[in-house]
Structure formats: C-alpha cells, structure tokens
Amino acid sequence: MREFLLCAAGFVLAMVALGLVRILRGPHNADRMMAAQLLGTGGIAVLLLAAGSGLPAAVDVALTLALLAAFASVAFVKSGKSSGSGE
Amino acid sequence: MSVEVMFSAGVALLVLGVAAYTVAARESFSTIVAFVVYGLLLSLAWMGLHAPDVALTEAALGGGVTGALLLGACARLRGEKPSTAELGLIGRGLALLLCLGVTTGLIAVVFLLPEPAPTLAPEAVQALASTGLGNPVTAVLMAYRALDTMLEKVVLLLALVAVWSLAPDRFWGGRPAFGYPVETGGPLSFLARVLIPVGVLAGIYLFWVGADAPGGAFAGGAVISATGILGFFAGLFWVPAVGGFRLRLSLVAGIAVFLLVGLGGFLWASHFLAYPEHYAKPVIVVIEIAMTFSVGVTLAMLVVGPPGKALEP
Amino acid sequence: MTLALNVFTVVCVVAGAIFFLAGTVGLLRFPDTLTRLHALTKADNLGLGLIMLGLLPHVDGPFGALKLVAVWVLVLVASASASQLIARSVRKDQ
Numbered sequence: 001m002r003e004f005l006l007c008a009a010g011f012v013l014a015m016v017a018l019g020l021v022r023i024l025r026g027p028h029n030a031d032r033m034m035a036a037q038l039l040g041t042g043g044i045a046v047l048l049l050a051a052g053s054g055l056p057a058a059v060d061v062a063l064t065l066a067l068l069a070a071f072a073s074v075a076f077v078k079s080g081k082s083s084g085s086g087e
Numbered sequence: 001m002s003v004e005v006m007f008s009a010g011v012a013l014l015v016l017g018v019a020a021y022t023v024a025a026r027e028s029f030s031t032i033v034a035f036v037v038y039g040l041l042l043s044l045a046w047m048g049l050h051a052p053d054v055a056l057t058e059a060a061l062g063g064g065v066t067g068a069l070l071l072g073a074c075a076r077l078r079g080e081k082p083s084t085a086e087l088g089l090i091g092r093g094l095a096l097l098l099c100l101g102v103t104t105g106l107i108a109v110v111f112l113l114p115e116p117a118p119t120l121a122p123e124a125v126q127a128l129a130s131t132g133l134g135n136p137v138t139a140v141l142m143a144y145r146a147l148d149t150m151l152e153k154v155v156l157l158l159a160l161v162a163v164w165s166l167a168p169d170r171f172w173g174g175r176p177a178f179g180y181p182v183e184t185g186g187p188l189s190f191l192a193r194v195l196i197p198v199g200v201l202a203g204i205y206l207f208w209v210g211a212d213a214p215g216g217a218f219a220g221g222a223v224i225s226a227t228g229i230l231g232f233f234a235g236l237f238w239v240p241a242v243g244g245f246r247l248r249l250s251l252v253a254g255i256a257v258f259l260l261v262g263l264g265g266f267l268w269a270s271h272f273l274a275y276p277e278h279y280a281k282p283v284i285v286v287i288e289i290a291m292t293f294s295v296g297v298t299l300a301m302l303v304v305g306p307p308g309k310a311l312e313p
Numbered sequence: 001m002t003l004a005l006n007v008f009t010v011v012c013v014v015a016g017a018i019f020f021l022a023g024t025v026g027l028l029r030f031p032d033t034l035t036r037l038h039a040l041t042k043a044d045n046l047g048l049g050l051i052m053l054g055l056l057p058h059v060d061g062p063f064g065a066l067k068l069v070a071v072w073v074l075v076l077v078a079s080a081s082a083s084q085l086i087a088r089s090v091r092k093d094q
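Residue numbers (the numbering used here), protein chains in the order written: chain F, 1 to 87; chain W, 1 to 313; chain D, 1 to 94.
Quick caveat, the hints were computed from the structure, so don't treat them as lab data.
In this text, all values refer to a predicted model and were calculated from it rather than measured experimentally.
Errors might be hidden in some of the hints.
[Stated by the list, open to error] Restricting the straight-line Cα-Cα distance to at most 30 Å, the calculated cross-link-like pairs of lysine-lysine (DSS-like) are:
id: 1; chain 1: F; residue 1: Lys78; chain 2: D; residue 2: Lys92
id: 2; chain 1: D; residue 1: Lys42; chain 2: D; residue 2: Lys92
id: 3; chain 1: F; residue 1: Lys78; chain 2: W; residue 2: Lys309
id: 4; chain 1: D; residue 1: Lys92; chain 2: W; residue 2: Lys309
id: 5; chain 1: D; residue 1: Lys42; chain 2: W; residue 2: Lys281
id: 6; chain 1: D; residue 1: Lys42; chain 2: F; residue 2: Lys78
id: 7; chain 1: D; residue 1: Lys42; chain 2: D; residue 2: Lys67
Go ahead and model the full structure; you've got the sequences and the hints to work with.
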C-alpha cells in the first residue's frame, strides 16, 4: 500500500512537471498566473498521498500550502498585466 | 532503487529545472512566478527529507510572503529603465563557477560525514521531559536556544525599520503606498472574506499544535501575515500608518514579552532566560502567543513596503 | 475488511490520477488561455477530491478525516475564486 501511494505521488508529480513546462512557456502572463493553481492542487495531492503513506504531519503542510497557493494566485493576478510578455 | 529514492530524485530534478528557468527567464514576472513555484516545490522536498517543520516554514515564507514581496518590488520598478551596467560573459562565468563550487562543496560535506553523523538530536529528545514539550524542534527554538530566537525576532524588526527608512523624509510615519480599490461583490472580495477567518484560525492552530507536532510560532505567524496581506489586496481594510502607536506596539510585543520573561529568569532561577522549574511550558506558550502575533504583523508590514504616495494599481 | 478498504483506496487513487492526467493533457493541448484554465481548474480539483476520498480510510481518527475534507473544501473555494480572477484579467485585456 505504501509503495502504491508513493508511486501515485510520483505520477502526480510528473503531471505537475509537465503542466509547469507548458505554463511557464505560455506566451501571456495569464498563463503563468495559473502556476499557483497547478501547484496548489498537484502539490497538495502529493502531500496527501505522502500523509497516507506514513507522514501524518503532511496534512498540516497541505493545509498551509492550500492557503498560500490561494494567496499567491491573488498576488499574481493583482500584480501582473495579463497579456504583457514584456514590461 | 526503492520507490522513495526515485520519488526524491524526481522532486530534486524538478526543483533544479524550475531553478534553471528562474535564472534564464527574460521578464521579472515570469521569474517571480517561477521563484514562488520553486519555494513551494522545495517544501515538498523538505517533506521528502522528513522535516515537516522546515517544510511548513518554507511553504509559508518562500512560497507566499517572499513572492508577494518580490511582486511589490517588481510593481515599483515597472516604470524604470533597466540600468545599463550588465554582467559580461566573464562575470557570468565566474558567478556560475562560484555557484557550482559551493554546491559541490556542500554535496561533498554531506556525503563525507562520518557514519553515524555527529548530532545532538538524541540528547535533545532526552531532555524534552523537563521542558514539557513534545516536539524537539520547538524545544530547540524556545528552550535550548531561546536567546537565538529572541535575537532573530529583533533582526526581523530591524529589517522592517530598514524598509521604512527607504521612504522619502516627508512621508515618514505615513501610510504605505499599497492601496487597491475595493471591488464589492467580486470573487476577490468573496475569497478574502472566506479565507481571512480560515487563515487566522489555521495560523493559531499551527502555533498551538507546534508544542507537540510540527508547527510553531513562526509558521503560524507567517500564515497569519499572508492572510492579512490578502485582506489588503481585497481592499477590506486600510493599511495602517507606519507611525501609529498601536501598530508599533504590536510590532514590539513579541520581543517585549520575551525580554520580560528573560529578565524574570533572574527572579525564579539563576540567569537570563531561565524558565521556572515546573512552569516551563505555560511560559513558553505565553511567549509564543506574543511572538506569533508580532511576527504576523511584522511580515505583513514588510511586504506592504515603505510609506509613500499611492501607486497606480 | 482491510482488504475492502485497500481496494477502495486503490480504486479512488487511480481514478484521481486519471483525472490529473486528463487535466494535464488538456493543459498541454488546448489552444487558448481560457480553455487551459478550465481544464486545470476542473479536472485537477476533481482528481484531488477523488484522491482525498481514497485516503480517508488511512488517517487516524475522525479528526484526521475532518482535516482532509477541510483541506479539499478550502482548495475548491480558493481554486474557483482564483480561476474567476484570472479569467477576468484575461478578459480585461481582450
């Protein structure tokens, strides 16, 4: 069970990596603002799977990550001009 | 290779990739987004190293607060032309060599440690009973090395004063230039109204649980500061003027309580910052309450920046 | 009983992983910022919910389960609002 959960965590991490490649490349700033969302859901999935496989403190880290991903999204939206690819 | 090793290797590679993008990106916004992603991924890496306390603080600070700080700086610099002095090819080559040298040195040190690595962890855990705490990290921060923790808070306050000193003279004591118009009824207003109570509760929970499980005053304070900055973003409350008496009182409250307890150490024990015999844990909790509050306010005011005239949002 | 719970966990986690895969494929293949945002928000959140469901048998005590559900609800509310905000900022520039 523990190996299975860790494998699932690795798979979700690979999905996050692929998503990051696309997001960080995206031509508009709005694409990059989605990075906080991606990390917010994907990172929390990885942490919850790690919690299930033996690190119960990971749920608290997941809670913190959820709050901060939301905060980061708002900060990005408020500070980035949406379609600028230059300053 | 076990699954755990492969997972850790995956996280390490991803962190390196994002770090490379952060250095190579052309615009500041992309760099800052990548840096925030890097901070959040690092907290995953810390979890892989079985260090939940560090992971909590990394997520809260490296992910949220530092990102907001950099975004504020980026917004302030938006109208300026970049300086023409750029690091030439030789300069970049030297910087790269220096970074590679430091990294290789650190890796070598970690791998060449004698087996078993020298550590004070067993003694730290053994002495836990006398402090009444269950989390050795909190015991190190608040009991064994309390003086270091107090001085770190003083350094944080000095950093805030340094940020304030960047204001032009005529704005000293005024309101920071960080105002956003209120959009009532919009999704941001809704999000802020929902997240602020949850965030404050989560911060208090993290500080409280830190006595026996990963957490602590600093992580709790960082979460509370992120929640406060969210309120500023949504225009739900005004940023207080820097010279206000209540603001300054909340900033020094943590250090003041720490100092008072420290001086009380002369009364009930024999030296500075000695805790009374059976009341160590309540005293530590009182200090931590004041510290969580102060750290939250300090970090929020750090992100908000020096006083000045209002920026165009 | 343990076998049934393990099977439940495996089924839910695999379903969640499939939704994550769908979300990422959408993120990679959709042509427009708004459609990519849609794929990311909807599919990834559903995947997270399924994974959370699958992990409920493995946490200790009702308080742990409540914490898991609370994390998911928080992520839902935050993602919904954040995706609205990003979409608005894209709209403002079009």
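- prompt: Does the alpha-carbon distance linking Lys42 (chain D) and Lys92 (chain D) stay inside the 30 Å limit?
  reply: Given pair Lys42 (chain D), Lys92 (chain D) holds - Cα atoms ~22 Å apart, limit 30 Å.
message: What's the verdict on Lys92 (chain D) and Lys309 (chain W), does the C-alpha distance respect the 30 Å limit or exceed it?
response: Distance ~26 Å between Lys92 (chain D) and Lys309 (chain W) Cα, so the pair holds.
field: Given hint Lys281 (chain W) paired with Lys42 (chain D) - CA-CA distance at most 30 Å
entry: 46 Å, violated
message: Tell me if the straight-line CA distance from Lys78 (chain F) to Lys309 (chain W) falls inside 30 Å.
response: The given pair, whose Cα atoms are some 19 Å apart, holds under the 30 Å limit.
Given pair status - Lys67 (chain D), Lys42 (chain D), alpha carbons within 30 Å: 22 Å, holds
message: Run the distance test for Lys42 (chain D) versus Lys78 (chain F): straight-line Cα separation, threshold 30 Å.
response: Holds. Lys42 (chain D) to Lys78 (chain F) sits at ~23 Å (cutoff 30 Å).
task: Sort out whether Lys92 (chain D) lies within 30 Å of Lys78 (chain F), counting only the CA atoms.
output: Holds - the C-alpha atoms of Lys92 (chain D) and Lys78 (chain F) are around 13 Å apart, at most 30 Å.
In summary, the one numbered hint that this structure violates is 5.
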